[in-house]
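Heads up: the sequence lines are chains A and Y, in that order. Residue numbers for the first sequence follow this note's numbering, so the first one is 1 and each next one is one higher. Residue numbers for the second sequence follow this note's numbering, so the first one is 1001 and each next one is one higher.
It should be emphasised that the hints constitute simulated quantities derived from the structure, not laboratory data. A hint or two may mislead.
Unchecked claim - Here are the simulated lysine-lysine pairs, DSS-like style, with alpha carbons at most 30 Å apart:
1. Y:LYS1250 with A:LYS91
2. A:LYS91 with Y:LYS1243
3. A:LYS64 with A:LYS227
4. Y:LYS1077 with A:LYS185
5. Y:LYS1066 with Y:LYS1139
6. A:LYS185 with A:LYS64
7. A:LYS193 with A:LYS91
8. Y:LYS1243 with Y:LYS1139
9. A:LYS91 with A:LYS185
10. Y:LYS1077 with A:LYS104
11. A:LYS193 with A:LYS104
12. Y:LYS1139 with A:LYS185
13. Y:LYS1067 with A:LYS104
14. Y:LYS1139 with A:LYS104
15. Y:LYS1077 with Y:LYS1067
16. A:LYS193 with Y:LYS1067
17. A:LYS104 with Y:LYS1066
18. A:LYS193 with A:LYS64
19. Y:LYS1077 with Y:LYS1139
20. A:LYS91 with A:LYS104
21. A:LYS91 with Y:LYS1077
22. A:LYS222 with A:LYS64
23. Y:LYS1139 with Y:LYS1250
24. Y:LYS1066 with Y:LYS1077
25. Y:LYS1139 with A:LYS193
26. A:LYS91 with Y:LYS1066
To be verified - Each pair of labels, with its calculated beta carbon distance range:
27. Y:THR1245 with A:GLY182: 39 to 49 Å
28. A:GLU42 with Y:THR1078: 37 to 47 Å
29. A:PRO206 with Y:PRO1319: 21 to 31 Å
Glycine included, each C-beta is placed from N, C-alpha and C at the ideal position.
Spelled out from the first residue to the last, the chains are:
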Amino acid sequence: MRLGLVIDMDTCVGCHACAVACKQWNTSGTTGALTDYRPYGEDPSGVWFNRVRHYEVGDYPNNKTVNIPMSCMHCQHADCVNVCPTGASYKRPEDGIVLVDQDKCMGCNYCAWACPYGARELDREDGVMKKCTLCVDRIYDEQLPPEERQPACVITCPAHARFFGDFDDDNSEVSRLVRERGGVKQMPELGYKPVNTYLPPRITRPIPIDDVRANRVVSSVKDWVNKMVAR
Amino acid sequence: MHPAFSVILFTVISGAGYGLFILLAAFHLAGIGPAMSHGELLAHGAASLGMITLGLMLSTGHLANKKNAWRSFMRFKTSWLSREAVFAVLFYPFAGIYGLGVLLQGAAIGPLPALAGVIAAVLAVITLFSTGMIYGCLKTIRQWNTALTPANYIMLGIATGTTLFAAIATVFGNATTLHAGVAMVALVAAAVLKGIYYFWISRVNGPTINTATTFNRATVRLLDTGHTAGTFLTDEFGYDPRKDTIDNVKMGVFLLGFVAPVLVFASILSGAPAGIAWLAAVSSLIGIGMERWLFFAEAKHVVRLYHGAQTCTNSLAEPARGRAAVAPATDPTDARRWELGDTPGGSGS
Ligand code: SF4
Ligand code: SF4
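Throw the hints in and build the complete structure from the sequences for me.
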């Protein structure tokens, strides 16, 4: 088995629901807590397994906003595992999930240096490395109804932009999506062979924008009302 | 890359210690140079072992979970960090047998301690190589991913070792032109190698924001990183020193690390008191400390591409070419957020 995610950059709206659901599930999961630093302070920070970033692709006016959620890609050539001196980082032979054994990690950060995708974050409170587990404590849980045996991020996504499955199975939903939509990998030139695959935005007809900001009386009044209401 | 102070101290101090040991073994066991007194041999040996041990102790300073440090010997088969730890420890029994031989028998040691000394010197070179490979094997950092990295670690360790070797010899009135000559050759060789490295990293290329985001046929700009304060990634990899800081430090590396020590030895050769070799030793250690800071500060991890860097050599503030609809998230406040690096313990890791 080669378990992983397919993420659709066409439909992802960048709402961060997957990242929040991940944090909620995993902070009480097998490698929790996902410690927060200064949660109520001026500059709250903390450990996340999944982060969503936002990009502008192309030059105005032929441009587009693309949201890219990123978590561990459960790489086939996971250098993070090879460089780990303690053996705390390992890749499960049966399903390819990359995990950190919290009891063995010495918190040297070396694996985070070796990861190109920023998937690993040191928990400064616990002193150990933490990362996406592909919700290993949920996808095999037979107490859960079968449709819920999926990573928290996949179940949560309101845009249905995330899919979980076995990439070794040619008939799985993830394999089919990759095939039909021309799935792409991030930084393939580094040779990590990430499993997680991204679906590029579909080619669509341009949406006209020249009428959006026409300065008519109605729209200026509307703008003014909106401003007032916001305050 | 955020330069961790403990790692800078560790690599510079233990590197010089290994270099000193290599010099000691070469001069003593291969019979190069003048015969050394019992006291001088012990002084060199004690200084090198002391520095190596101090460095290794400091190296645990950046571990977040020190109680598991012993486990770092477990993955010799795949991890250069593990290999370094194993070789560093393996060095001790051989150095110990050699040291004991010197302690008991003086300069004329028997074949067994002599053999142990040779093995220890070889292990010292291998350890330096492993230290370099810890950085050199990372595909994620283009500035490190070169054979020049381990070559530099070995050569800089030996160069700082030669200055210390010459300095310690003066205490015993045993410093010769050979000491100064060897030190000058090692320093010049190390300087040339370092110069090649700086030249090489000034034109490396590799992943870009395009290959990172998969959009290879369009300009890509970061709009938002999705977090308002620093993260582990920004603390660790967001370090972006200014160009003129880099240039000044680089100047320091060459002046203090190489030029000043070479001048000191040159003036010793032309009649200045031998004792000023200590100046060369101190100056080269400071210079190589600056070199190590720069080694980290100039290393740009590819995860920065997701935080707005356009290429694997750019600073985060350099904008993309082309027309942006929205001001890209590289205004000074965002760049500063990277530099703040202020999650708890962030600066000490
Ligand atoms: S994404 Fe990073 S942490 Fe995950 S397997 Fe690949 S290299 Fe390792
Ligand atoms: S931080 Fe932990 S998991 Fe990562 S390389 Fe070090 S010991 Fe291994």
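Against the structure, the hints come out as follows:
1. Y:LYS1250 with A:LYS91: violated, 41 Å
2. A:LYS91 with Y:LYS1243: violated, 40 Å
3. A:LYS64 with A:LYS227: Distance of about 26 Å is within 30 Å: holds.
4. Y:LYS1077 with A:LYS185: It holds: about 29 Å lies between the C-alpha atoms, which stays within 30 Å.
5. Y:LYS1066 with Y:LYS1139: holds, 27 Å
6. A:LYS185 with A:LYS64: Given that 30 Å is the threshold and the Cα spacing comes to 20 Å, the pair holds.
7. A:LYS193 with A:LYS91: holds, 14 Å
8. Y:LYS1243 with Y:LYS1139: Since the Cα atoms of LYS1243 of chain Y and LYS1139 of chain Y sit roughly 24 Å apart, the hinted pair holds (cutoff 30 Å).
9. A:LYS91 with A:LYS185: holds, 20 Å
10. Y:LYS1077 with A:LYS104: Status holds; Cα separation ~17 Å.
11. A:LYS193 with A:LYS104: Given pair LYS193 of chain A, LYS104 of chain A holds - Cα atoms ~26 Å apart, limit 30 Å.
12. Y:LYS1139 with A:LYS185: With a Cα-Cα distance of about 17 Å, the restraint between LYS1139 of chain Y and LYS185 of chain A holds, given a limit of 30 Å.
13. Y:LYS1067 with A:LYS104: holds, 9 Å
14. Y:LYS1139 with A:LYS104: holds, 25 Å
15. Y:LYS1077 with Y:LYS1067: Holds, at about 22 Å.
16. A:LYS193 with Y:LYS1067: Not OK: LYS193 of chain A and LYS1067 of chain Y at ~33 Å, beyond 30 Å, violated.
17. A:LYS104 with Y:LYS1066: holds, 11 Å
18. A:LYS193 with A:LYS64: holds, 27 Å
19. Y:LYS1077 with Y:LYS1139: holds, 18 Å
20. A:LYS91 with A:LYS104: At roughly 15 Å apart (the allowed maximum being 30 Å), LYS104 of chain A and LYS91 of chain A satisfy the hint.
21. A:LYS91 with Y:LYS1077: Holds - the C-alpha atoms of LYS1077 of chain Y and LYS91 of chain A are around 15 Å apart, at most 30 Å.
22. A:LYS222 with A:LYS64: Holds: LYS222 of chain A and LYS64 of chain A sit about 26 Å apart, inside 30 Å.
23. Y:LYS1139 with Y:LYS1250: holds, 24 Å
24. Y:LYS1066 with Y:LYS1077: holds, 22 Å
25. Y:LYS1139 with A:LYS193: Judged against 30 Å, a Cα distance of about 13 Å means the pair holds.
26. A:LYS91 with Y:LYS1066: Measuring from Cα to Cα gives roughly 24 Å; hence the hint holds.
27. Y:THR1245 with A:GLY182: 39 to 49 Å: holds, 44 Å
28. A:GLU42 with Y:THR1078: 37 to 47 Å: Since the Cβ atoms of GLU42 of chain A and THR1078 of chain Y sit about 42 Å apart, the hinted range of 37 to 47 Å holds.
29. A:PRO206 with Y:PRO1319: 21 to 31 Å: About 25 Å separates the Cβ atoms of PRO206 of chain A and PRO1319 of chain Y, which means 21 to 31 Å holds.
Consistency with the previously given hints fails for numbers 1, 2 and 16, ordered from lowest to highest.
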